[in-house]
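Protein chains: 4
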Amino acid sequence: MTALPLEKARQIIDAAFAKGADLKLKPLGVSVLDAGGHLVAFQRQDGASFLRPQMSAGKAYGALAIGMGSRKVEAFAKERPHLVAGISDVSGGRVLPVVGGVLIRDKAGAIIGAVGISGDTSDNDETAAIAGIEAAGFTADPG
Amino acid sequence: MTALPLEKARQIIDAAFAKGADLKLKPLGVSVLDAGGHLVAFQRQDGASFLRPQMSAGKAYGALAIGMGSRKVEAFAKERPHLVAGISDVSGGRVLPVVGGVLIRDKAGAIIGAVGISGDTSDNDETAAIAGIEAAGFTADPG
Amino acid sequence: MTALPLEKARQIIDAAFAKGADLKLKPLGVSVLDAGGHLVAFQRQDGASFLRPQMSAGKAYGALAIGMGSRKVEAFAKERPHLVAGISDVSGGRVLPVVGGVLIRDKAGAIIGAVGISGDTSDNDETAAIAGIEAAGFTADPG
Amino acid sequence: MTALPLEKARQIIDAAFAKGADLKLKPLGVSVLDAGGHLVAFQRQDGASFLRPQMSAGKAYGALAIGMGSRKVEAFAKERPHLVAGISDVSGGRVLPVVGGVLIRDKAGAIIGAVGISGDTSDNDETAAIAGIEAAGFTADPG
Numbered sequence: 001m002t003a004l005p006l007e008k009a010r011q012i013i014d015a016a017f018a019k020g021a022d023l024k025l026k027p028l029g030v031s032v033l034d035a036g037g038h039l040v041a042f043q044r045q046d047g048a049s050f051l052r053p054q055m056s057a058g059k060a061y062g063a064l065a066i067g068m069g070s071r072k073v074e075a076f077a078k079e080r081p082h083l084v085a086g087i088s089d090v091s092g093g094r095v096l097p098v099v100g101g102v103l104i105r106d107k108a109g110a111i112i113g114a115v116g117i118s119g120d121t122s123d124n125d126e127t128a129a130i131a132g133i134e135a136a137g138f139t140a141d142p143g
Numbered sequence: 001m002t003a004l005p006l007e008k009a010r011q012i013i014d015a016a017f018a019k020g021a022d023l024k025l026k027p028l029g030v031s032v033l034d035a036g037g038h039l040v041a042f043q044r045q046d047g048a049s050f051l052r053p054q055m056s057a058g059k060a061y062g063a064l065a066i067g068m069g070s071r072k073v074e075a076f077a078k079e080r081p082h083l084v085a086g087i088s089d090v091s092g093g094r095v096l097p098v099v100g101g102v103l104i105r106d107k108a109g110a111i112i113g114a115v116g117i118s119g120d121t122s123d124n125d126e127t128a129a130i131a132g133i134e135a136a137g138f139t140a141d142p143g
Numbered sequence: 001m002t003a004l005p006l007e008k009a010r011q012i013i014d015a016a017f018a019k020g021a022d023l024k025l026k027p028l029g030v031s032v033l034d035a036g037g038h039l040v041a042f043q044r045q046d047g048a049s050f051l052r053p054q055m056s057a058g059k060a061y062g063a064l065a066i067g068m069g070s071r072k073v074e075a076f077a078k079e080r081p082h083l084v085a086g087i088s089d090v091s092g093g094r095v096l097p098v099v100g101g102v103l104i105r106d107k108a109g110a111i112i113g114a115v116g117i118s119g120d121t122s123d124n125d126e127t128a129a130i131a132g133i134e135a136a137g138f139t140a141d142p143g
Numbered sequence: 001m002t003a004l005p006l007e008k009a010r011q012i013i014d015a016a017f018a019k020g021a022d023l024k025l026k027p028l029g030v031s032v033l034d035a036g037g038h039l040v041a042f043q044r045q046d047g048a049s050f051l052r053p054q055m056s057a058g059k060a061y062g063a064l065a066i067g068m069g070s071r072k073v074e075a076f077a078k079e080r081p082h083l084v085a086g087i088s089d090v091s092g093g094r095v096l097p098v099v100g101g102v103l104i105r106d107k108a109g110a111i112i113g114a115v116g117i118s119g120d121t122s123d124n125d126e127t128a129a130i131a132g133i134e135a136a137g138f139t140a141d142p143g
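Protein chains in written order, with our numbering: chain A, 1 to 143; chain B, 1 to 143; chain C, 1 to 143; chain D, 1 to 143.
So that you can see chain A by itself, here it is in the shape it has in the complex:
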């Protein structure tokens, strides 16, 4: 079952794209996953390369898999590369351990999903993800 309403996922994507336009970012792919790591919505802007679905989802999936934003996942990957490579292995290769996967928390602080963005620099991808989550009324946790 979808824990994160589709209407909210659509708002997140629209606001992330708006932020991308403001900042003149390259074309983005945006994935919104529910708390179980399953896709609720995805959109790829014209000109974004074809692996953006998997790359954006892989950032969000890695964050959910360990319950920390992907800024922490990337830090782990630098400090203990074998740890993060192993997490990706046991997930069936679904993790992209890079900044740009941001947890969505509700008012009570519970994780209800994650947003992953890929297309511009990782820092800019993260900025757009945070903007999307906040526009939908949730708390963004980049790690």
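Treat the hints with care, since some could be wrong.
Because identical chains cannot be distinguished in the list, a pair is counted as satisfied if it fits within a single copy or across any two copies.
As the list claims (entries may be wrong) - Pairs of lysine-lysine residues, derived as DSSO-like cross-links and limited to a Cα-Cα distance of at most 30 angstroms, are as follows:
| hint | residue 1 | residue 2 |
| --- | --- | --- |
| 1 | K24 | K72 |
| 2 | K72 | K26 |
| 3 | K107 | K72 |
| 4 | K78 | K26 |
Hints in this document: simulated from the structure, not taken from any laboratory.
For chain A, the structure is supplied; the task is to place chains B, C and D on it using the hints.
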């Protein structure tokens, strides 16, 4: 590069959901793939089960993989099951050989993508896919 | 995040084993999955063969993947084998389309997880799963 | 066939959780594998993220795969990363080469299984695993 504009993919999904509402279908997952078999947009309605992303994309992917709507893919699966099982294998397990994956053709008849829908009966899934494609001004080819 | 409390999953497994003892069933493997298809608890009785983890989880996963108890999944596998083979393919090979995967529904009818059992005949596996779910105060939906 | 009795596996998990409560650890996932690397029992505490089943099992599996506790597996991963990456590859991606996978040895020193824990820091995960194994009357070998 995306051959099918995101704006068109969004129109297709909105129109498919509108058709689903008209016909009182169960919650749907809708994938729109470009001609290279890569995801342009996906949305999963509240209450649709978690494998709908892969199932809807698998119908569209199978159609694009052989250049025929998934009604033909399902017919092949019945007549020569080893053929379709093999196609799925060599694709890395990305094919769901079932009605509901509809090719998107432009005015000239060229394949520019495919829509896959999963959630209700296969015939109803296909009906919603055709409605979406036609609402966006393209020709639907269900196979 | 775990949607189904561990305490309930433990009750389900204990009650399923009690039912197995009553009916003098063969050693069982019992998987309890949350609504996202992720394992909450598993136990394998002494003498149960080594693939019971995957087999029991595969029954429960297939049920959750399409939102119907695995009695329906097995019926689909008989009527449209290519459909169920395709669902398994797009899931990454995680589906065992056989009786014995039972949805767990709460008072409101929402799916909060599934129990899969493997070890005896499929019908007996299902009987033990239903007993476990009901002992924990939930509604069993075998499909 | 199960070499490690389920009753012992349950004792191990209960004692590991008790240790976790004593030390105020984060929610844990605990896997107990037999000598053949197959799951005997798993439990995931409420709030533990969804990949804990695979992560905890991956620590125990890696330990059993080379016959040394995962503290050694992690040391190898640092010294010769290609070695451990290759071991994970040939296992089908089942290895998490990180502290927290502890071999279970009987009185004679024979390996009868392994415990893997994931949820808190790797050192704390290992402490809980050792506590569980010793509470069940076995010798813990963290590597």
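Verification of the supplied hints:
no. : hint          : result
1   : K24 with K72  : both (26 angstroms within a copy, 22 angstroms between copies)
2   : K72 with K26  : both (24 angstroms within a copy, 17 angstroms between copies)
3   : K107 with K72 : within (22 angstroms within a copy, 39 angstroms between copies)
4   : K78 with K26  : both (26 angstroms within a copy, 23 angstroms between copies)
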